[in-house]
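J.: As they're listed, the protein sequences go chains A and B. Once you know that position 97 of the first sequence is 232 in the numbering used here, the rest is easy, because the numbers rise by one and skip nothing. Once you know that position 16 of the second sequence is 23 in the numbering used here, the rest is easy, because the numbers rise by one and skip nothing.
Just so you know, these hints were derived from the structure itself, not from any lab. Take every hint as true, because none was put in to throw you off.
Taking lysine-lysine pairs in the BS3-like style, the calculated list, with each CA pair at most 30 Å apart, reads: (1) K272/A to K256/A; (2) K270/A to K230/B; (3) K272/A to K282/A; (4) K272/A to K343/A; (5) K265/A to K154/B; (6) K135/B to K337/A; (7) K272/A to K212/A; (8) K265/A to K217/A; (9) K50/B to K155/A; (10) K253/A to K265/A; (11) K230/B to K265/A; (12) K267/A to K314/A; (13) K52/B to K154/B; (14) K212/A to K154/B; (15) K135/B to K212/A; (16) K235/B to K270/A; (17) K148/B to K256/A.
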Amino acid sequence: MAFLEVKNIRKTFGETAVLKGIDFTLEEGEVLSIIGSSGNGKTTLLRVLNFLERADQGKVLVDGEVIFDSDQTMDEKTIREKRLKLGMVFQNFNLFPQYTALENVALALNLREEEGLKGEKLNFFQKRAKRKEIKEKNSQIAMDILKKVGLEDKANLYPCALSGGQQQRVAIARAMALKPEILCFDEPTSALDPELTGEVLKVIKELKETSNITMIIVTHEMEFAKNISDKVLFMAEGKVEAFGSPQEIFEESNNPIVQAFLKRDWQGEQA
Amino acid sequence: MEVFWEVSLTLGAGFVTSILLFILTLAISLPLGLLMAFCSMSKIKPLRFAMKTIVWILRGTPLMLQIFAIFYLPGLLKLFVWPQMHTGWEWFDSTISTRFIAALVAFGINYAAYFSEIFRSGIENIPKGQAEAGQVLGMTKNQIFSKVIFMQVVKNILGPMSNEIITLIKDTALANTISVYELIFYSKKYMLDGLIWPVFYAGAFYLLFVGGLTLLFGWLEKKLSYYKV
Ligand SMILES: Nc1ncnc2c1ncn2[C@@H]1O[C@H](COP(=O)(O)OP(=O)(O)OP(=O)(O)O)[C@@H](O)[C@H]1O
Ligand SMILES: [Mg+2]
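Input sequences plus hints: build the corresponding full structure.
T.: What follows is the structure, given as structure tokens:
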């Protein structure tokens, strides 16, 4: 049994079938790149995995546990628990502008722990003291994670004072803070100026080297995908057109659709 | 000089009523407006439609007409009469009259409609990605609204909100049409007695108050400028 099992995911928006039965598996600690041309449903797949869209059909299992099953309805609380197995880094960072880098990373941790306080019988002052304790502890945790993405000196800056690359690194730290088992990236560098993509890709690479986290990365950076991935999934028209090691997809594939895409992409990079 | 003091005291008392109406109207219309904003963005179609219609009527007819409707219609239709305060405190009872209550209800509802539109566009202008980022971090809907969206909305709507609030203090003058004892009511009384200048003097009260509000909103804007969207 694989660590992540995605089974027959289908998703239709109105009349358009965007995902037409996606199946794949991934082992723990593996990095999967999802490639394919625009409008093929890559983002939609990540959004389904992260409960931002509900698939019409299909199943997702992490470590043998069903986290999504189209035959079951889950209440909001269950979804909140299950979705934390996954983390998501968005194309446009989506940092919270009113919080500093550190607060962005610590916010969700604080909220989760403060929620736990509600059950305890504490008076106002005890609660306040507990909250302060929680905040201080999580600030330390957030700081440690910001160090990992090389931004400890920017911890107290607001997103508007950070470059796009730095913002995306904060977003990665924010997702990591909740210790997801699988971290998803939706084109993490495509909103960045070309000279800023390097620092973000480097952080992702370091993440792979220093932790055992499983990653799913939707990307148009073919060189990067080739280097970092254990598996590559090529999507075309809502289906898995090809799946294999980088070697198998980039070097040895004789699938004409894959070849056409890679050739065009290669030419695109030259132009 | 004695006349000036007397007029000052009378107008001052009237202005206290104006400010009371202003503050209580805000206390009603801000939360009610937020609630109406949520209704007008609801997934339930009839609710959304009903709210849009209500907002259309409230913004599409003169406030003065609405004051008349609220004050006179319940009696005319024999539905109920507006309650009268009996605290034994003469000033309070004559100020917080049935008329005051009716005016307050009219202002509260009318301003809630304007505020709801400001809230709605303020909320809808927050990029969808903000709520989604909160969702994938496991936040509840309430947490997302209170910790992520709300402060951004406040910042976004501060400008239109301050315009509307400044208009409100001047609109309280309309309450004199149903004889609420507010500032313009008293200055009109002097005018009928042949004393013209108090009505211009009354203008100075509004001017001073609006000056204070302008400073307050300027300060708030500065406080919220520590970040940009
Ligand atoms: N909420 C939605 N409502 C309707 N159609 C949608 C919605 N979201 C996505 N689509 C459609 O689904 C298709 C796939 O979109 P998706 O964003 O998943 O593609 P993608 O592979 O990520 O493309 P890109 O490389 O440009 O990011 C597109 O045709 C898009 O218009
Ligand atoms: Mg996409």
